[in-house]
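Asks: Given next are the chains, with one letter for each unit.
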Amino acid sequence: MFNSFTESLSALVLKAAKKNKRIQFAIFFAIVFPVILIAAFAYIETYQDLTEFTLSRRQSIAHLAANALEQRFERLTDIGISLATRVRFRQLVGEGRWDDAIDILKDVQTDFPFIDRLFLADPAGTLMADTPALPGVKGKSFAFRDWFRGVSKNWQPYISEVYQRAAEPRFNVVAVAVPIKAEEKRIVGILILQVQLNGLVGWSQSIEVGPAGFLYFVDRNGRLATHPKLPSHGEIVDYSSVPVVQKVLRAKTGVEINFNPLANEEQVAAYAPVPGIGWGVIATESTRTAFAQRNKNLQQLLIRYGVIFLISCILAYVILRAFTGLKQAEEKIQKLHKDLQNRAIELEAANKELEAFSYSVSHDLRAPLRSIDGFSQALLEDYPDKLDDQGKDYLKRVCASTQHMAALIDDLLNLSRVSRREIRMQTVNLSAMAQTIAAELQESQPERRVEFIIAEGLVANGDEGLIRAALQNLLANAWKFTGKRSETKIQFGINQQNGKSAYFVRDNGAGFDMTYAKKLFGAFQRLHGHNDFPGTGIGLATVQRIIRRHGGKVWAEGAVEKGATFYFTLSI
Amino acid sequence: MGDKIILLVEDNANDEALTRRALRKNNIQNKVVVARDGAEALDYFFGSAACAGAEPRVMPTVILLDLKLPKIDGLEVLRRLRADERTKLLPVVILTSSKEEQDLINGYRLGANSYMRKPVDFGQFSEAVRELGLYWLVLNEPAPRTGVP
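So the protein lines, in turn, are chains A and B. Going by our numbering, the first sequence opens with residue 1, and the numbers climb by one from there. Going by our numbering, the second sequence opens with residue 1, and the numbers climb by one from there.
Calculated from the structure, these hints are not laboratory results. Quantities reported herein were computed from a predicted structural model and do not represent experimental measurements. Idealized CB from N, CA, C, for every residue including glycine. Heads up, some of the hints might be wrong.
Looking from chain B toward chain A, a few residues come up when the C-beta cut is under 8 angstroms (computed) [unchecked claim]:
1) 14
2) 15
3) 18
4) 96
5) 120
6) 123
In silico lysine-lysine, DSS-like type, Cα no more than 30 angstroms apart, as pairs [said to hold, decoys possible]:
7) A/480 - B/71
8) B/31 - B/88
9) B/71 - A/352
10) A/480 - A/562
11) A/252 - A/229
12) A/140 - A/106
13) A/484 - A/392
14) A/338 - A/327
15) A/489 - A/500
16) A/386 - B/25
17) A/327 - A/21
18) B/68 - A/352
19) B/25 - A/392
20) A/352 - A/392
21) A/140 - A/153
22) A/352 - B/99
23) B/31 - B/99
24) B/68 - B/4
25) A/153 - A/252
26) B/25 - B/68
27) A/396 - B/25
28) A/386 - A/484
29) A/352 - A/553
30) A/396 - B/99
Kindly generate the complete structure, drawing on both the sequences and the hints.
Replies: And the structure:
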């Protein structure tokens, strides 16, 4: 039972879904698509913003680091110049008193700890004195060094490329060479400040490029000046073939994502040239860590929009369900409506048929009755001498039967008319109606002494014609069944029955056995013999039909030979 | 009174016999012309001498018209009689078994002069016919018309 119900239900849903698939899809799309669109836009925007932020931050770091390095070199150069231009110092160098001259510089290292060594060379590049002094270098020519070539070109202060110092341990160093000039700009020597690169850019270690990012510096040849992951002594690594190094050495600033073959992964590389000295700074980090935060944010964004998407899907589903439900309900209503219309049409057809039938009954059934009665009469009248008394009695019975049959037909027609007739509601004065009917009854049998007790002022809503027919039937019944009483009392009034007002017609006539109370209102049901009380047995059926059409109820109480009371209500 | 014709439009031979008997019983000797259906009735007035035993165009004094008739029903016959100048004013009494409200209303609306329901009881029927004959053949003063001497 339940299974078949669910089956038919799902079949119905499927049918509805098939019919409205396009509409349903459109609704679903209309709800879900904006969410997808917003999510996509938000994702793209966030992606771009965070990427931009990550890249520009590294770009700024590279730029700042380049500026910081430039300032360091400027400061070194300033120190060199201020030392080289001391009058006493210049004199000592000019007089060739190298050891005395270097003595003056002994304390410089204390003040500037990142200066590794200071030494003096003659204008030909031969080392003449140094501090702290290293054995075996004095008198050696260092003209091959870059610093000499650089400073001797124009006799201007010069910052060398990166090189390994001669003495062990062979740190990577850089030299600031400043010419020492005597009177009339005569070059008398060269002051060299040798700087350990680690000391020079130590600060760069504390700049946070990223969780796994770092800065490195290259000199103007693209050789690695300092790299936090590589030792600051030993062989100098040549990075000149690295693309970003090549770019920065062409004085270009930028940031890019490229493949690092050494680490075998993508990396973010921001680069900035160090102005004035032609070096470069590169801030680099694996994309994996550089974009970790961005990816984390994006992931959270995706999760959030996933939840929103899910909710919108559920919402769409709920709406669709409601829609389908509505649609189904609508279809159901339409179907019911159609059924109802069909029923109405059928009913109307049935009514028409019934009317035609009634017409035929009233016309065609009566015609033969008329003949039977008429010709029986004719026999009685035209051949009285040929019929004995019994024959005449028989013919009279034939006539009486035809009368009864005619009455039956009329009552039946009445009953069917009562059912078919359209109800026209109006206010009906029941008391006045009862009075009129009572008067008519009295007039039909003036010899009878009947006391009518009719309550005043009873008014109800109903179809006047039908209610008159009902009241007529009830009062005529009372009249008929009191026919054998010498003192007759017929009452019409209203009283309370089971908490409801009910009209009643009461008589003190023959009454009836309550056992058969229910049979009273059936058509052709009679509780009395025809000889006692003639009738067709249709009157009360007609009454019941009229009362029911008024939304009321009719019932009876009584006892044999103790009268009967008929109650009825009118609820509309 | 003897030259006045009654046109009885009745398809039931028994009813015809009973009507004739009732007329005879009540000493109404007028000629009764019977039309068996609506078409025959209309033929009497507008057709080419279709009704045997009657001179065409002798207008009846009263028409006793049943409603339920073969071919053309009584109401249609009445409608056509009233639509024609020659028969417009003829007294028509509907004599039928039907007591349907619709028939009554339509009968009067179409211009019936009287409506009588045939009682089943012959005594009542006979009385009704007697009164009918007395009223329409004796008391009633018909509208002046051509074709009546």
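Asks: Each hint: holds or not?
Replies: Structure-based check of all given hints:
1. 14: At about 4 angstroms, which falls below the 8 angstroms cut-off, the nearest Cβ of chain A leaves the hint on residue 14 of chain B intact, so it holds.
2. 15: 6 angstroms, holds
3. 18: 4 angstroms, holds
4. 96: 7 angstroms, holds
5. 120: With Cβ-Cβ at 4 angstroms, under 8 angstroms, it holds.
6. 123: Since the shortest Cβ distance to chain A is 7 angstroms, the answer is holds.
7. A/480 - B/71: 45 angstroms, violated
8. B/31 - B/88: Since the Cα atoms of residue 31 of chain B and residue 88 of chain B sit roughly 22 angstroms apart, the hinted pair holds (cutoff 30 angstroms).
9. B/71 - A/352: 21 angstroms, holds
10. A/480 - A/562: 15 angstroms, holds
11. A/252 - A/229: Holds - the C-alpha atoms of residue 229 of chain A and residue 252 of chain A are around 25 angstroms apart, at most 30 angstroms.
12. A/140 - A/106: Holds. Residue 140 of chain A to residue 106 of chain A sits at ~21 angstroms (cutoff 30 angstroms).
13. A/484 - A/392: Judged against 30 angstroms, a Cα distance of about 29 angstroms means the pair holds.
14. A/338 - A/327: 16 angstroms, holds
15. A/489 - A/500: Holds, at about 25 angstroms.
16. A/386 - B/25: 20 angstroms, holds
17. A/327 - A/21: 12 angstroms, holds
18. B/68 - A/352: Holds. Residue 68 of chain B to residue 352 of chain A sits at ~17 angstroms (cutoff 30 angstroms).
19. B/25 - A/392: Satisfied, since the Cα-Cα distance of roughly 20 angstroms is no more than 30 angstroms.
20. A/352 - A/392: 43 angstroms, violated
21. A/140 - A/153: 20 angstroms, holds
22. A/352 - B/99: 17 angstroms, holds
23. B/31 - B/99: 28 angstroms, holds
24. B/68 - B/4: Roughly 26 angstroms between the alpha carbons, so the hint for residue 68 of chain B and residue 4 of chain B holds.
25. A/153 - A/252: Holds - the C-alpha atoms of residue 252 of chain A and residue 153 of chain A are around 26 angstroms apart, at most 30 angstroms.
26. B/25 - B/68: 26 angstroms, holds
27. A/396 - B/25: 20 angstroms, holds
28. A/386 - A/484: Violated, at roughly 38 angstroms.
29. A/352 - A/553: Distance ~28 angstroms between residue 352 of chain A and residue 553 of chain A Cα, so the pair holds.
30. A/396 - B/99: 26 angstroms, holds
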